[in-house]
Structure formats: structure tokens, C-alpha cells
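Next come the chains, spelled out residue by residue.
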Amino acid sequence: MHTCAIEVKDLSFGYSDALVLDRVSFRVNKGDFAAVIGSNGTGKSTMIKLLLGLLSPSKGEIFLMGGALSTFKQFSKIGYIPQNSGSSAGTFPATAEEIVMSSLYPQVGFMRIPGKKHRKIVADALEKVGMTAHAKSLISELSGGQQQRVMLARVLVNDPEILLLDEPTVGIDTAAVASLMEILHRLNIEKNVTILMVTHDLSVVAPYLNRVLCLSDHNFAEDELPEGVIIHAHAGTHVHAHEHVHCAACEHPHNDAECSVCSHLHEKGGES
Amino acid sequence: MLEIFQYDFMRRAFVVGILLAVIIPCIGIIVVFKRLSLIGDALSHTSLAGVAIGLLLGINPILGAMAASLAAAFSIEAIRKKIPRYSELSIAIVLSVGVGLAGVLSGFVKNSANFNSFLFGSIVAISDFETALVIGISILVFLGFILLYKELFYIAFDEQAAALSGVPVRLVNTIFTILTAVTVSVASRTVGALVVSSLMVVPVASGMLLAKSYKQTVIGSVICAVISTVIGLFISYYSGTKPGGTIVLTGVALFLLALLAQKISRAAQARRRKGAANGQS
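Residue numbers (the numbering used here), protein chains in the order written: chain A, 1 to 272; chain B, 1001 to 1281.
To be clear, the hints were calculated from the coordinates, so they are not data collected in a lab. All values reported here derive from a predicted model rather than from experimental measurement. Mixed in with the good hints there might be a few duds.
List of simulated lysine-lysine pairs, BS3-like, C-alpha gap at most 27 Å [said to hold, decoys possible]:
#1 LYS1082/B x LYS59/A
#2 LYS9/A x LYS49/A
#3 LYS1212/B x LYS136/A
Turn these sequences into a full structure, and let the hints guide you.
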């Protein structure tokens, strides 16, 4: 039985008179790697902000890790990378290490000074994203892909159970996208981190996903999915979530015991 | 002992000047990184209205400046929340109110020399009470900055993420607003309302050019401010120029030197890279 990481029931939201989301319902299970796709203006980023409580819905309910959003307190377990976060951080005169350390606030505490233990957590997070060599580099000196990996390290320091990513592949080159997706894939497989990613690059990220949510006309719909993606629709009253079974290299589900790549990743995870 | 240090008023000017040179960039660095560089202008100009009110009501003008500066700081925060996409407009609105009020009220002040001393400061003519006030406020601001170092960094870098992580953003912003307002009001008396904003921004700009991290930017900004204050006071004493303006101009000269140092360092790096590339090929 799947444990639900994110559940949205009959959610509506609008800016002034313009309705952005209309009675949207869907669920993302623990361990899912899901993408939210759809045309511009269909409310993908708005949906993420609603999940974080940064916007208040006009109607409907949101549940995170089994608890209602209105009473949810464990936001440190939700890692959020907003749109263009890497490039907007690029002008700030701080090192990758300093930026990642700031996100450790929930563990350090108010008016406390970070200690050796905290510096180790930051070093580990930078290592996970392959940025150890750039720990002391100013964020402005890093490439777009490297900045995005630092943004990922920021959210990893708090051992998130859910990652919400808003178009993390925008503005970075193909090699950097592949590297980022590989890191996310490992987190999903090895740490069972639930990932919900807003993206326009479905063709690039599709091999890593097990679920696609397509927003269309303010709701989730079955259309607009690229050809060749194997889809199983799970329809609720207003929802159509799609699952497709692919693996990065072998076209099996990620957690398939018979998948050589997945088994390999599991073994590597066990060793480390 | 150098002649300059034989005078009590000059020794006092150095103590007060150096203390302010330590705390003003601490406030300035957050102000600059929150993209609110003009806040110093808005608060210092409004503090002039407080000076006029103080002089008219017969209370200490610094206390009047402090009250006006606090009111201005909270007004900026309140307007900023109403129009978050145009936050810089809140500063312009409060700056206009401050300048307008100061202009109108100064017309009623009988002792205009006293009022004018707040425009360019009078660091060499401050009283015992004012010296004690600067020392007390410097300790308060420095401690506040150190204790809230990581919270202020996080808010300046990403206020939304800081709030999601549990940083009490409203409380920290309120404390910072109070610290900014009191710093600006005491600095108005010493270095002058018209130049305090420059002291908040120029040393930070120099620090940013030379630093390789946020921590280094903080330390570099404070060092630049202390150097420009000390050199500025020396020049002012021996050339007879006004101390406030001289300190700021020295700060600008340091900034130009920092810019030159950065260009030379980048050119040397580029030459090294080119040399290494040629060596490989």
C-alpha cells in the first residue's frame, strides 16, 4: 500500500477575478518522482506555492505527509527550489558553503552559532551534489548548472522527505541537466525522497519519472503528453495522473528488483 | 604624541568616528543586499524633521531625530508590504515626506546654526551625553548584528526560504529596522544627515570588490569604513575641511582604489590562465 506524501482535494485558486486552478485533485505517493507539466499560465508554479502555504486556496484542502497544510509545521522536511533560484542567487556575494549553511537554520536555531557538526552536514550536502571543490567559490563565479546544484545542496541539508522543484532545468546546458537529474534520481531511489517537479522539458526528465501530472485548462488532463510515454491514467473526479514505467537506462520501473541499473544503484547506496 | 591627539575633542572624534565606522557598514551590508540602498537617505532626511521638532519643542534634537527615524523606518516596512513588487517606492515616498517636513519645520527653528550642524554633522563638537549615546548604541547594534548574523544573512539572501525554514522574519526585520533607525539618527549628529547614507553604502561597495565571501565582505566593509574615517579625520584636521564630507570622499577614493586593485588582480588571473593554456598546448 502506498503512503500518501501529497494529497490535494478539490483545490481552487485565482488571482483577483482570474481563475488559475479549478477544483484540482491529485495525490503523489511517498517515493514518487512526479512531474507537473502544462502550458504557460496553467498554474503549475501556483500549485507549488499553494502546497507550501505561500498562497492560500480559495477552496479545497491540501495534505502533506498525512497532515493538513493548515496545521503542518515540518516545513524543514520539504525542500523547495523556486524558479530561477540559481540565477537570482548569482549576484549575492556569498560562497556556496555560506549559502548552504544558511539553510541549516532549523538545526542550528535562533541566535545560535553553527558548530563543527553543522559544517560537516554542509560539507556532506555539497559532496552529494558534486560541489565539494567549489565550496569556497562565490556563487556568482559558478555556472548555471553548478548554481542549481548548490541550490539543491541547500535543501538537502535538512534531509527532506519531499522535494518541490519549479523548473530546475531552465537555463542550464544539457550536460548539467543530465547531472542534476542523476542526483535527483539517486535521492529518489536511495533515500526514497518524493519529488514533484514542474517542468517544460518532459522529454529530458521523462526517463526518471514514474508519474506525470498534466495541467490543462486549470485542471489535470490526459492530453499534451508526448508520444512514446507509457501511460496508465488514475482518474479521480477531476484528476488524471499518469504513470509511465521507464528507467534511465533499462526501461524498467526504478524500484524493479530485476532492473540492472536500479539494482546497481541500490548496491552502490548500500556500500556508501 | 601627535598634535592632533593632544585635544580632547579630537580624541573623542576618533573614538566616536571609529565606533560608527564599525556599526554603519554592518547595517549597510544588509541594506545593500536587500536592495534598499536608499533607505539611509530616507531615514536621515526624516531624522532632520525630528531634529527640527526637537529644537522647536526644546527637547534633545538627537532624541527627536531618533523618534522621526524610527517612525520613518516602520512606515517604509508598512508601505513595502502593501506594494511588494515596487518596494523601492516605499523609500521614495518616506524620503519625500521627510524632506518636505524638514524643509517646512526648519523655517520655524530660531537657532538655524544648530539645525545646520545636523546637515553635515559636527563630530568634533559633540557633548558627553552624545558620546555616551554613540557608545551605548554602538554596543547594541554590534551585538544585535553578531547575534542575528545568520538570520540577517538568510533574510537578505532569500526571505521566503528563511520564513519557510522557521526564521522569525517579522521579529528579525523589526529588530533590524530599530537598529537602522537609531544608527542613522546618532550618525546624523556626528557625520551629518546628508552623508550618513554614503557611509552605509560606499564601504560595502569597496568590501564587495575585494572579498571572496560574505564574511569577508562584512569584515572588508568595516575595515574600509574605519580606514576612511581615520584618514578623513586626519585630512580634515590638517586641511580645515568639514569632517563628515572629508570622511565620505576618502571612502569614495578607497572605493576607486579597490576597483583598480580588482582590475589588476583580474588581469593577472587572465594572464596566468593564458600562460597555463599555452604551456599545455
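Consistency of the hints with the structure:
1. LYS1082/B x LYS59/A: Measuring from Cα to Cα gives roughly 24 Å; hence the hint holds.
2. LYS9/A x LYS49/A: Roughly 16 Å between the alpha carbons, so the hint for LYS9/A and LYS49/A holds.
3. LYS1212/B x LYS136/A: holds, 8 Å
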